[in-house]
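So for the first sequence, the working numbering puts the first residue at 5; every next one is plus one.
Calculated directly from the structure, the hints in this document are not laboratory data.
Positions of the beta carbon are idealized from the N, C-alpha and C atoms, including for glycine.
It cannot be assumed that every hint is accurate.
[Said to hold, decoys possible] Label-pair distances were calculated between CB atoms; the ranges are:
(1) R224 - R245: 25 to 31 Å
(2) R531 - Y158: 35 to 41 Å
(3) H82 - V35: 18 to 24 Å
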Amino acid sequence: MRILHLHCDHVEFTPTKKEIPAAEDIAPETVRVEEVLAAFIAVEKGDDDTVASKAMFQIGNVMERLGCTRLLLYPYAHLSADLAPARIALDILTAMQQQSKYSETYRSAFGWTKSYAIHVKGHPLAEGLKIVRSGGKDGSESDALSAESKIVSYWYIMTPDGTMTPLKDYNFTKNQSLEVLARYESAKKRGGDDRPPHVALMKRLAIADYEPASDQGNMRFYPNGRLIKSLIERYVTKSVREYGGFEVETPIMYDSDHPSMIKYFNRFPARQYSIDSEGRQLFLRFAACFGQFLIAHDFQMSYKNLPYKLYELTRYSFRREQSGELAGLRRLRAFTMPDCHAFCANMSQAISELDVRFNLSKDVLHEMGIEQDRYEVAVRLTEDFYNENKDVVLNLVRQHNKPILVEMWKERFFYFVLKWEFNYIDSVGRATSLSTDQIDVENGDHFGIEFVDSNNKPQNPIILHNSPSGAIERVIYALLENASHKLKKGEKPTFPLWLCPTQVRIVPVHDDTIPFATKLASYMNRRMVRTDIDERNESLGKRVREAEKEWIPYIIVVGSKEAANGLDGELSVRDRRGGSIINITIEQLISDIREEVRGKPWAMLNQPGLLSKRPQIMV
RNA sequence: GCUUCGAUAGCUCAGCCUGGUAGAGCGUUACCUUGGUAAGGUAAAGGUCGCGGGUUCGGAUCCCGCUCGAAGCUCCA
């Protein structure tokens, strides 16, 4: 912020016309002030509330020295070439006005073209320039964010029989991972300092890696990783479509001055990627909410249409987390987020929909190979909501059939009255939220979303925000952590069969058997079983070993015996999960695999079918 | 953002303390090998030791600054 302060005999100004869309709504009247310190102010990028207080402190010092008691705050863009977005500038100017200790504090209208006359006193201290920068550890934390840290929470554990026990009185001996979550969230105590195991695995399996040429937290996905990610994306989308969500696609960037965005944007200004485009400041979405709300705003809805559900899988949502907070696939700056909003006519409809989505989320995680023993449920809600709807929480804990963590707030601070999350607990003691749903009582009004009720009166819907799986990258993180959990227990790590980049690896014993191997592989691929062939000039033992290192569930070694028997004969199949070599026909193997992956999306191999044709991606 | 640690071959890392010809394993390439269920053999290619400065006859190595990365902290709408 730059402040040009002038000690004046008098200042007179008249707003003549609105200059920008965000201009204040005021009646344009001429104002004349005598014996005043006129502070011409340009609010710059990165300025925040701390700048407002610092500026007022400095202005106070000047006022005292001059013996002046009248202050005029005059927004003046021409002092800087690096201005803050209009809405933020207005917020800060308003904050300065409110913080002023002078009873006669004037502020000229923001966003208006003004004519003005000024008479500056002729003494040495009459003119000065101050430059104020934001301080503190995170320069542009908003008011909302700092207020958030002051929220008072009450923590409980609720058991399936409905008992609520204050956290400090609960005995965790039988629920160690819930204790991890509880400590993690309430005491803000974190786990060990081991490197997260999934990072090494994501590299070794050629799934994903850091991209040094991008910003931190923006990953590259190799063919194997892209295949896995794409299958998960398709599966989640399919599940939400079957549940009744209708898929839309919305822009990834929004105008930070758009009236509906202001509140969202200002809440976390330091956490956005922003882009300048022809003088407008755009920010990259950090969720799918705006896009869907802006669509719903333009719908003509009746109560008969509700509940109505919109869905988008955002690739990507962006959150510019602090650099030190990023961690492998667990915490990113660009991530893929399925987000399904249900517009509900009233609270009872919202509550019954919440229940459906809780089960949807549970099923989705289960089908992806993330079971209930790997995650813990947290429910956060306001005291009022709890008192009026105790059975809602009770119902959730019964469905989960394990104790859950409850965080209760005296008053509503966020836009929701209730939120639940499934928190994955990893092997190094970290909790990471996957699925979530919220009951939002604010944004229907805020985004002007309306439906007409049975009395022909417009109403704002209650909105549920559900991500049935959480970020797709996090699902992969959880699958890799599951695998590393198995490793620690001395078991063989695996992916769910439908997600394996290669489901069957064929290893020909001898060059003569390559034609048969090729015939076999192409038959299986046509039958939707991802099959490849390792015909490299390597020893049999080495090729089997490498297939095992890739976690390939089935390895078929074909020699002259199999080639002679043809497609009808029995094959010698190494079953990784069963831990033995089985003799089975091709038809039986295909039908076993097809049975196991039934209902899941399928894609063909995303690599050359012959290993000799593949570049080495990772060691 | 703060603290700590790190940056040497495509990858994983040794060498640095104690300055003097740039190392290993894996991978890649070629040849040999034709092997029946977790590593067959031989050889070759491959490096501006992150960038800049300083000390020194001489710096991957010691000193200073910078850049980038990771972990932890704070944080996670």
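So, going through the hints one by one against the coordinates:
Checking the proposed 25 to 31 Å range against R224 and R245 shows it holds: the Cβ atoms sit about 29 Å from each other. A hinted range of 35 to 41 Å for the beta carbons of R531 and Y158 is inconsistent with their spacing of about 57 Å. The supplied range of 18 to 24 Å is met by H82 and V35, whose beta-carbon atoms lie about 20 Å from each other.
Consistency with the previously given hints fails for number 2 only.
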